[in-house]
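Order-wise, the sequence lines are chains A and B.
Going by our numbering, the first sequence opens with residue 1, and the numbers climb by one from there.
Going by our numbering, the second sequence opens with residue 1, and the numbers climb by one from there.
Heads up, none of these hints are tricks.
Here are the computed lysine to aspartate or glutamate pairs in the DMTMM-like style, where the Cα-Cα straight-line distance is at most 20 Å:
1) B:K292 to B:D213
2) B:K55 to B:E100
3) A:K72 to B:E75
4) A:K425 to B:D290
Quick caveat, the hints were computed from the structure, so don't treat them as lab data.
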Amino acid sequence: MKTNKLLYILPIALGLVACEPEFDDVDFNGGSADFSTFVTVGNSLTAGVQSNALSADGQINSISNIIAQQLKIVGGGEFKQPIIPGEPGEKGAGVVNGLIQGGLLVPELSLTYVTNCANVTSLGPAILPAGFTGPVPNAAYPATEFLANVAIDGPYNNMGISGARLVDLNTPGYATANPHFGRLAASPTETVIESAMKNNATFFLLWIGNNDVLGYSTRGGDEGMAPITSSAQFSTEYARVLDSLTKNGAKGVVANIPNVTSIPYFTTIPTGTDAIDDATAALLNAAYGAYNAGLDQVVAAPGSPLTQAEADSRKITFTGGQINPFVVIDPTLTDITSINPALINMRQSKPGELLILAPGLTDSLTCAQWGTAKPIPGNFHINTSELTKINDAVDAYNATIKSEANARGLAMFDANARLKQLASKDGINISGINFTSTFVSGGAFSLDGVHPSTRGYAIIANDFIKAINAKYAANIPQVDVAAYPAIEVSQ
Amino acid sequence: MTVMGLIPMLALAGGYQVNLQGNKQTGMGHLGTSFYLGASSTYFNPAMMGLDSNKFSFEVGGSAILGSVTYQNQETGISESTDNPVGTPFYFYGTYKINEKLAAGIGVYTPFGNSVKWGDDWSGKNLIQDISLRAIYIQPTLSYNINDKISLGAGMTYVLGSFEINRAVPAPIGNNNSSNLQGSETGIGFNAGIYLQPTEKLSIGLTYRSQVDIELEDGDIDFTVDPALQAAFPDGKFAATLPLPATTTLGIAYQASEKLLLSVEGSFVGWSTYESLDFDFETNTSSLEDSKNPRNYEDAIIVRVGGQYMVNDAFALRAGFYYDQSPVTDEFFNPETPNSDNLGFTAGLSYNINDNFGIDASFLYIAGLERESEYQPSGFGGKYKGTVIIPGIGLNYKF
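Work out the full structure: start from the sequences and follow the hints.
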């Protein structure tokens, strides 16, 4: 009898264990928003630029496309992207550089072994694959193919235009100025907004304004090359863009602008030396002795344009056994070269000032004595007054974005706060991965130090989804950030 | 050590405690602190070893743990389940009644263990891919009957512990980086018990099993990483300490009739000792700092009720129920030990073939209550739910 009972129990037992515990499916829904037609308007960040280039891979992993695919689960429709020709994933193919100069198309940056000026080899970003010694293979990337106009297949749901500023969106003729939009525009005079509006979107994502201040920043604060859009113009243009996008009752989500201090392009190269020895310090002090004395002489002269305070702030001293701030050119200093041509506008970098991640700058610092025996040119250095201008602009833009979003009942993703969190010491932990804004090793940024990595874009896509969910009582599924690939080394 | 390779287990009770130390007791809610059921009292309450009327008493047995835990991410909708190997905890007890007062015994059993296999590529792979934790206790014990009403027992425990963990390395470069940590070490502890029989029908037992720390000095860590990362993640040795917490149990049994025995027990498990699982790597690099993994467990209780009905002299039926509180908080819930408050439903039977030889069988169904928790230090959370069934069988022999 007992044996019989056991014979009953065992199959039941095995049957039970075959059934893993199950949960009901999570109730995902679109809440009060209609996602049937989704359009994204923005710049390289919404287009999907990574590592200094737009590729088919980047477009597939763009914020716009990631969100669009998630929206499909809650009623979203097709999301058409102007995919760059070429095979996705094929290194160097299907790639368009963010800045096309002289009609050249350059592959995206690769992570590879790079030998620097001091003959030290380490992992770093490079345009050419390791071992490749020939010229840039322009022929492999004919502009006619990659930049051919594809408006006939439009309208496109991803209207992220690499390089676009807010003030470009409503500018007729922008298609001729920017080949990224030139590909998509139906006519030379069509504006980005006109092109985007052809979708009759029910829901939009707008992330614009970064380039209205970033161009100035990446050029080390150059008003001539890339003026900062004034806050008044930003305010007017932002309202104008939203007037268009919401015209037919569409709802949407916007995002504000991150501070430059959250972006590795501005935080990677330190503004000071490694610890130097006493002999080097003495040598440098001897070399700058004449400059320091010259400043005092100018101050002492009658009717001097130079105050003692400025003279003192410009004096250059190095101390052995510690790190020392680099010597930099600061165009905002009082120009006294007419009094003494040797007294150029230089000083040592101050805490909080930044150097940009320009190609070649590290080599110049390492091997050409930039920052020590020679001042670093001003276009590599963001000084305090430039930083103030940048921060003031970002603050003003963000105030506009917030008030416009609130006034129009739109969702807003606080990208500035999120990137500050990323830039903090602890970074952001997602599924066991610690993300920071550290260049390459932080995992969140691509090799250009400005644009996010694939995982970085996935994080931001989730942040947009969270903002939409909160505003429209929706429950759009997020993506599993850890399932997106990390950067691989190219050999 | 080869024996240990055969007994992976699933976290059954709170944390990684495994309460399956006797099929008779398991059948009635794993109760057995306050009434004598054979040589297994070496574990359940060593004070009772001298209560046997036989000179020698032996028990041997084991269980098959068939269980699975399912995880569901509430934000992505992803749902994944463990594919755990079948756990096979076992026990062996032998007691020798030296005289009417004194008895000696030895027990070999497996009160802690954990075997969870989520897979190499599941969404929490950076926290854990799979873990196998094993502890075998060897416990020589003496008991002394002070009089008819009071007995005492105590012994030492010698513990063989080992574990192996596989988890992905979330490095920023490369997509197939993983680590394997393993090691084995011994530990020492003790246990003690008191048995009281104030009346013929009422008995009381109180036991204490001390904490045992498995202090691993020379574990091996082996990285499989992208060639570019090999210098940053060197293979080598590590040290770590895993505590096996103290348990205090108070039980009361009442002989309701000649055939029916009822009992209730409460246990207090000192899980708050498990604050952090730290790996101290012999070789550190800027990418490989010592790994601090807060656990912040809280002390937990287990409440058990159960009964035994003697159908006749040869045949016993048992049933029981217990509530087993999880020591894991909602902020530090790591899928490596996916443990929720458990409800255990048990049934069992014994059949004595003759005066010397008997068979014990038990069946345990554990329903893990659904919980929604996160391991905040890693930013990984969701809903978890587990189900386990455990058939067990044992033999007893006495003369």
